[in-house]
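**Q** If you want the building blocks of each chain, they are given just below.
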Amino acid sequence: MDKVAIIGVGLTKTGRRNDVSHQELAFEAIKTALKNCELDIDDIDAVVYGTMDNFDGISSPERFDSIALGCGRGRGKPMMKITTGGTTGMSLALTAYYHVASGLYDTVLAIGVQKVSENVEAQQVLNTAVDPILDKTFGLGAIHAAAFQASRYRSTYKSNIEDYMCNVAIINRKNALRNPFAHLKLNITDDDYYSSPYLVWPLRLLDSCPSSDGAVAVIFASSKVAKRLSENPAWIKGLGYISDSYWWGTKPIEFWDNLAILAKRVFKMAKISNPFKEINVAELYNAFTIQEIMEYEAIGLAKKGQGWKLLDEGITCFHGSLPVCPSGGVLSTNPIAASGLIRVAEAALQVMGKAEGRQIDGVKNAIAHAWGGALQFHGLMVLSNE
Amino acid sequence: MKVGIISVGFSDFYDKSINERKTYYENSFIATKRALDEIGMNRGDVDVFVESSIDLFAGRLISNMYTCTAVGGYLKDETNTAEDSTLALIYAYMKLKSGLFDVAVVNSSTSLDVDYVHASTTIFDPFIYRPLSMNYLSGLAIQASSYMKSFKIKEELAAKIVESNTENASKNPRAFKKKKITVSDVIKSEYVIWPLRELMIPEVVSGSVSLVIATENIAKRYNDAPIWIEDVAWFSDGYYLGSKRLDFLTALFNAANKVYDKCNIMNPKKDIDLFELSDVTPYHQMMIYEALKLTELGKGYEIINNDSLRINLSGGNISTYLFQATGLFKVAEAFLQMSNKAGNNQVEKAERALIHGFTHVAGASTQTHSIVLLSK
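For the protein sequence lines, the chains are A and B, in the order given.
Counting in my numbering, the first sequence runs from 1 upward without gaps.
Counting in my numbering, the second sequence runs from 1 upward without gaps.
Chain A extracted, bound-state conformation (with noise of 0.2 Å):
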């Protein structure tokens, strides 16, 4: 099989864009992505799109995006539309990457938009996504799945884990006042959280990710394009997806098993064998600051129920041995589909040494990671300059 590799990364400006439409949100990023590998859009060979309709308030916006990914010039454009809720962004890079790794094209964008300003308020949107006899009348959303997530956790293993989602909370906004294209960028204290209001208790605003309008296009190429046109291309050594059941009520969802097991099978593939050793940046979906210190359990960086001993250790702030999230991760900026290819966006960046002022020194492996659904799907990618 080809190695297949990331050239071109085009991130938008993210938070509320009133001052563009959903199709130039989308020609944002690939105008910016194909211009950073010198490539035109007859250059892409195949699209790869997603979105999550529901929370741009119009259904199927691929179709009238269509114009911004290059399919109206008379010959048209292969593209693919993929949705898979909160991992749509990273199931789109997985997506890209198969059509070359197929060997079908050589050249693939992966593109992924979100308006979420454009709906009156995401949680009921996704009220919508959960089952309408048992779970919907109790209006839930994602953020009540992490705030189960997170007394669950409390009550197994931790009993002031809120002192730990407190320093998740500071430092990935810390991180965003590096990255232009965050949306938060919050210099916040320990005061700030602590007074912060319960949205959903143990969760607070502050441990919550915002709603975000932005895009991420991301170019994916054979060896033989990657190695025309990149110096140093971000290497693709391993990726997967895992899905679980939709009933939470029947998952131990203190601790994230479904991703422990996703993990294993993508570091033996990238022939990782010591995760926290070999991984040099990790892109995680913290959407709420309870999941970071889950993911770092799941994915083998810590021992399970002591995530937060990292955070006491300082060991994935941007300064620190496995910084977590530079860019100011999904916490900071959160557009819905786009925001799992966000991930891979900022990991090949690090990889390419691309990163500017979020860049980490010496990164060879970097990771990224989005989960979505019911607490039920995960991807995960290794990303490698070498």
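A portion of the hints provided could be inaccurate.
[Unchecked claim] Among chain A residues calculated to face chain B with C-beta under 7 Å, some are:
id, residue
1, Arg63
2, Ile67
3, Cys71
4, Thr83
5, Tyr98
6, Ser243
7, Ser245
[Stated by the list, open to error] Distance ranges between label pairs, derived from CB positions:
id, chain 1, residue 1, chain 2, residue 2, range
8, B, Asp15, A, Asp163, 54 to 62 Å
9, A, Gln124, B, Asp113, 17 to 25 Å
10, A, Asp312, B, Asp113, 43 to 51 Å
11, B, Leu132, A, Glu38, 40 to 48 Å
12, A, Ile133, B, Glu198, 32 to 40 Å
13, A, Asp42, B, Arg43, 40 to 48 Å
Since the hints were derived computationally from the structure, they do not count as laboratory data.
Model, not experiment: these values are computed from the prediction.
Even glycine gets a Cβ: it sits at the ideal position worked out from N, Cα and C.
Here the structure of chain A is known, so what remains is to put chain B in place on it, guided by the hints.
**A** Positioned in the frame of chain A, the structure of chain B alone reads:
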């Protein structure tokens, strides 16, 4: 490395008159279980699961949250395409071609919890098309009228296509509607949206279709004669109706050229034995003939009475319209014909088949046409 289809499975199909409808994910389970049982396989033998579900029409956000486990994807590699289900098959094919996996289940289910025409109004942009109450059907009607005008096509020709497809359906044990519709029936039926009459418009039914595909060595363990995926191609076109040709399916033409070039198909009428085409309207079926180069531009009607071509033996969309699951239904029908397991409507010499998938959620705007070429 070759990838082949080794089994297919269907759930029962339902329309709105049948009260015992199941959820879309129950149907996904039934179709997949039947496909796996057929070859003595269980979900543990499957590496990859790819579904095709469009949340808008499933009536649920992240609709594969439910189907992922129903098809057997528990703790497995699984994903969802939001297109006609031929693209789910194509994605699964790519995953196997990468060499990382050997066996995939592809599934698509259609739900009747949503009114498809009304739901599709939300697809259109809020400034230009939505104020016109555009929906997928009105877009297809605009395309049909453009085709009629460009090539002076009479509606009797479209009615003949309906008659031909429904005649095929009357012989197909798996078609949902088996009643033959005559030219006269079509012409007497009311206009729903000009130039489309009621009996020209396929009615969405609910149900599910699953395929099992595998790489060569594994495929031969489970099926003595797998049906190989010879090639695939797909293209999407532009959105704005005013800036593209409406009387010709350019995206399908591009996909056909790609497949024909790669597979050295000089004369598709002779080189391909079966065609399963997505007749979203009979006018589109004529346009599909032209885009597939079965005839010249504007002469799609010439194919109607060509008995040497075997087109839509399944009965077409007009008889079994599973919306985005339709593509997999057509692939499954071609598989059964090529495997000599079609039953009452079995034909001889079915060595190579072309299946056309059609994502038309936005009517004539940004259509995605896909081709799956199968061979024995």
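**Q** With reference to the structure, classify each hint as holding or not holding.
**A** Hint-by-hint comparison with the structure:
Using the Cβ-Cβ criterion of 7 Å, the hint placing Arg63 (chain A) at the interface with chain B is satisfied: the shortest such distance is roughly 4 Å. Proximity of Ile67 (chain A) to chain B holds as hinted, the smallest CB-CB distance being about 6 Å (cut-off 7 Å). A distance limit of 7 Å between C-beta atoms decides the matter here; for Cys71 (chain A) the minimum to chain B is near 5 Å, and the interface restraint holds. The restraint placing Thr83 (chain A) at the interface with chain B holds, with a minimum CB-CB distance near 4 Å, inside the 7 Å limit.
For Tyr98 (chain A), the interface hint holds, the least distance from its beta-carbon to any beta-carbon of chain B being 5 Å, beneath 7 Å. Using the Cβ-Cβ criterion of 7 Å, the hint placing Ser243 (chain A) at the interface with chain B is satisfied: the shortest such distance is roughly 4 Å. Restraint check, Ser245 (chain A) versus chain B: the minimum CB separation of about 5 Å is within 7 Å; hint holds. The given range of 54 to 62 Å is respected by Asp15 (chain B) and Asp163 (chain A), whose C-beta atoms sit roughly 58 Å from each other.
Between Gln124 (chain A) and Asp113 (chain B) the Cβ separation comes to about 19 Å, which falls inside the hinted range of 17 to 25 Å. For the hinted restraint 43 to 51 Å between Asp312 (chain A) and Asp113 (chain B), the CB-CB distance of approximately 50 Å keeps it satisfied. The beta-carbon spacing between Leu132 (chain B) and Glu38 (chain A), approximately 41 Å, falls within the hinted interval of 40 to 48 Å. In this structure the supplied range 32 to 40 Å holds for Ile133 (chain A) paired with Glu198 (chain B), their Cβ-Cβ distance being about 35 Å.
At roughly 43 Å, the beta-carbon separation of Asp42 (chain A) and Arg43 (chain B) lies within the given 40 to 48 Å, and the hint holds.
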